[in-house]
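Undergrad: Here are the chains, one letter per residue:
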Amino acid sequence: MNPVLALDIGWGTTLAIKAVIVLAIVPLTALILGYVFLLKMMSHMQSRLGPMDPGGFHGWYQLLGDGIKFLQKEDIMPAEADRRVFALAPAVVVLSTFLVFVVIPAGPRLVVQPLDVGVFYALAVSSLSVIGVLMAGWASSNKYALLGGLRAAAQLIAYELPLVLAVVGVVVQAGTMNLEGIVHFQQTGELFGWSGIGFPLILTQFIGFALFMVAAQAELTQPPFDMPVAESELVAGYMVEYTGFRFLFFFIGEFGTAFAFAALAATLFLGGWATPWVHGTAADWLGPLVLFTKVMLVAFLMFWARFTYPRFREDQLQAIAWKWLIPIALFNIMLTGVLKVAF
Amino acid sequence: MTTTDLPEPGKLPDVDVDPSAFRHLADAQVNVELDTGDMVLNIGPQHPATHGTLRLVVRLDGERVIAADPIIGYMHRGYEKLTEFRTYPQITTLINRIDWLSSFANEVPFISAAESLMSIEAPPRAQYIRTILTELSRIATFLLFLGEMGLQVGAITPAFYGFRDREYVLNLIEAVTGGRFHPNFNRIGGLKDDLPWGFIADCRGTMQKVLASCDEFEDLVAGNPIFQARTRSIGIIPAELGAAYGVSGSNLRASGVDWDLRRDGVPYLVYNDLDWKVWTHPDGDSFARYWVRLQETRESARMVLQMLDMLPAGPIMAKVPRIIKVPEGEVFVNTENPLGEMGYYVISKGATGPFRVKIRSASFSNVSILPWLLRGVYIPDIITILAGLYFILGDIDR
Amino acid sequence: MPDETPEGGPTLTEESAGVLAALQAELGDAIVEHAIAAGDVVVRVKPDAWRRTAQVCKDKLGCDYLSFIAGIDWMPAPLLADEGSGDTSAPVQPREQTYGVAGSAGRYQAFAVVESTRRKATRAILKTDVADDLRVESWVSVYAGADWHEREAWEMYGFVFDGHPSLRHLYLPAEFEGHPLRKDFPLLAREVKPWPGLVDVEPMPGGGDDEEAPAVPE
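As they're listed, the protein sequences go chains A, B and C.
Numbering of the first sequence is given in my numbering, commencing with residue 1 and proceeding in unit increments.
Numbering of the second sequence is given in my numbering, commencing with residue 344 and proceeding in unit increments.
Numbering of the third sequence is given in my numbering, commencing with residue 742 and proceeding in unit increments.
Simulated from the structure, these hints should not be mistaken for lab results.
The beta-carbon is built from N, C-alpha and C at its ideal position, and this holds for glycine as well.
Be aware that one or more of the hints could be misleading.
[Said to hold, decoys possible] Label-pair restraints from in silico Cβ distances:
1) B:E517 to A:E80: 28 to 34 Å
2) B:L648 to A:I76: 51 to 57 Å
3) B:R575 to C:G904: 35 to 41 Å
Given the sequences, and given the hints that come with them, work out the whole structure.
TA: Here is the structure:
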């Protein structure tokens, strides 16, 4: 029995519909994020306009056109490249993006697969992309790609820890790893007896939020943490030998994952799809819009940092992760635990 | 071997250097003895960080450079040979293209050399306008530098601001000379044309914009903690070694050497009439080079404002014969160009063209210090050092 | 400013006079000739004192800055086919081999300019003759920057610098044959395409005296 539509459709059909939804949403979100932030917001911050012609109204068609252009390009592979690994690498990266979208709730009953260990699952599958990046770096048989891949491996693994530890504070306070449960906790929470805006966990978990944003920035290899893709050194790092639709996969993976992390941040810290005064069926319609708004806010922060800061050197980057972020995250968990028991 | 020990001058480091000698430079020490082979990486000649067709062959241990060898000449146009077959006015067109970002400044020393041999002096108004245009070229070059050093270090946005602000100055140069790049405006004895109507007011407005944008760069880039972390203590050039290698201009001033050819060399143009300051920085690292150029941009804008107030009236061209024949003699004229010291040693035998011209270009010497400077740095630091030295390929290769 | 006495010819600046005096005191016999070039002193030294001159400049004169080292080939370039045609767009050099200020013993010379960053306007222009075997002492042990300048001088003229760690090509590819800046090395552009000479130049639009206003269409 399908909870949303109240129809009795079989298990196979449900699975097919869910697969289609996930497969469609990921490129769509990548497109939206790419257009709004990469093309328009970045341009305006750099005192220029960005694409204006394609599609007539402020160039909204630009990325769609780019996507179609990529799809019809010649499939070039370096002569010395490891063919199978080279071809599989983008698929692995995009796969991890798809898998993260499976648990993100967009409404009280709008989630592809509710999992009791939602948080754990989301963070676990998001780290699958490291394998894809390493595969790309090695299989390209290009020294620059190799450097980029190795830097990425070190960086992505180093920043997994602050990412996870930042979220542990939220889990401790909410008492559950289920993303639905965390949203419910924020929706029905109260601030000193006032339930006007619920209890968004960012209010007490601000350290965790900051850590999550920094770690997410690093997980996405965006400046100031874009050593693996350092444009002025490695040109495109581990992606340098990829063209055409394979590069499109990496691009979708990058921006889709950005959306996924922003959605996770919005769900864990800002209350996700929930607003305290809307319940029931109305929330099924309003939920996705509210989530989308919150995601745009978080993504704005991420991309703003991306366009402003220079990049850290690899050793400085590692020092930040190991010497600063992890101790702060551990401190945050301890503090949360103590305060949770005390209050 | 530590970075504070100077090697024997002229002796390049052995490529069999023990990589563990540089371990102390890493923030994170690896205690496991990893014995891996070295990797040879080609940076360039097509690379976004090499400012043109410079090729750096580096031998790496992981991310640390053991030895670096710059290979130049991809843009070698044979200028010194060409000058032996050209007349003096034709050579002015050639030398515009040596340092193409500040092309007006390239012409000035050569024209001064020819005028010195002919015992002609350009009238005062021409001298003032030449100085104004040289300083405008300096501002244009440095605005680009302020933006693109941020780009090389990773921040995409300052590059756009640098180009945008540079456009204002290029519009001024175009208004006077007709060309944004390669103005070819100097003539032996003066200038081709006078200033257009309205130039002085426009120039005043643009200089205010330049000063404002310098403040913006100081805030956005130089004040950025990540930028500072990437550039402080990177690529320190000791003052004596820099002078021995011929490193000049802002690079040497950033190492604390208080030497500027506009003030300390053979007097040329009208710098002695102006009230201005030479900026130095004691550190000698990439941040110091950025900071010195930032201050020099401001100083140039202030100098231009002074000159606009002091501009004398009068002719802009001295009496010069129609066919220029420079009498026999030799002269060396060097000037403080934006990239450093540029000099022309002109040997004339009385013909309409020189017998030999030796072009001393700043970037050639600035880049010659790279084999010494790049030992033991990380790959990202190579990019920062290249960006901080600020060379132009046409200036290296001629 | 360099003094130009109308009857006595050019004179040295004060700083250059000091440079000359110091060099004469230190090098004595090694100076073959000296001259004045627009206020600067040009000193020609014996070939076996070339490196010693550099050392003297660095230590005694305070000239810590190496501007450049280069070569000169005094032989007049071979006559090109289009010379003598009265074409003013190509220079015609004298046919006899003359030498510049401070003279020369033969066809080749190496010359260098060193400056001081500590004293104002203090610089020395140094020349030395290069014998037929093209051997010159290297300055690399005195000024580290001499490395690249001497590589370029070897590449362009063929001078062999004793004491240079590795004389290899700087600008030109490794397989290049010949030394391009020598006067008998032809300018390949002229071989491929002869110099067109003074081409008819069109007047600027509106610049002609007898230009009529364009006809207005009815």
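Undergrad: Against this structure, judge whether each hint is valid.
TA: Here's how the hints hold up against the structure:
1. B:E517 to A:E80: 28 to 34 Å: violated, 49 Å
2. B:L648 to A:I76: 51 to 57 Å: holds, 55 Å
3. B:R575 to C:G904: 35 to 41 Å: holds, 37 Å
In terms of the numbered hints stated before, the structure departs from hint 1 and from no other.
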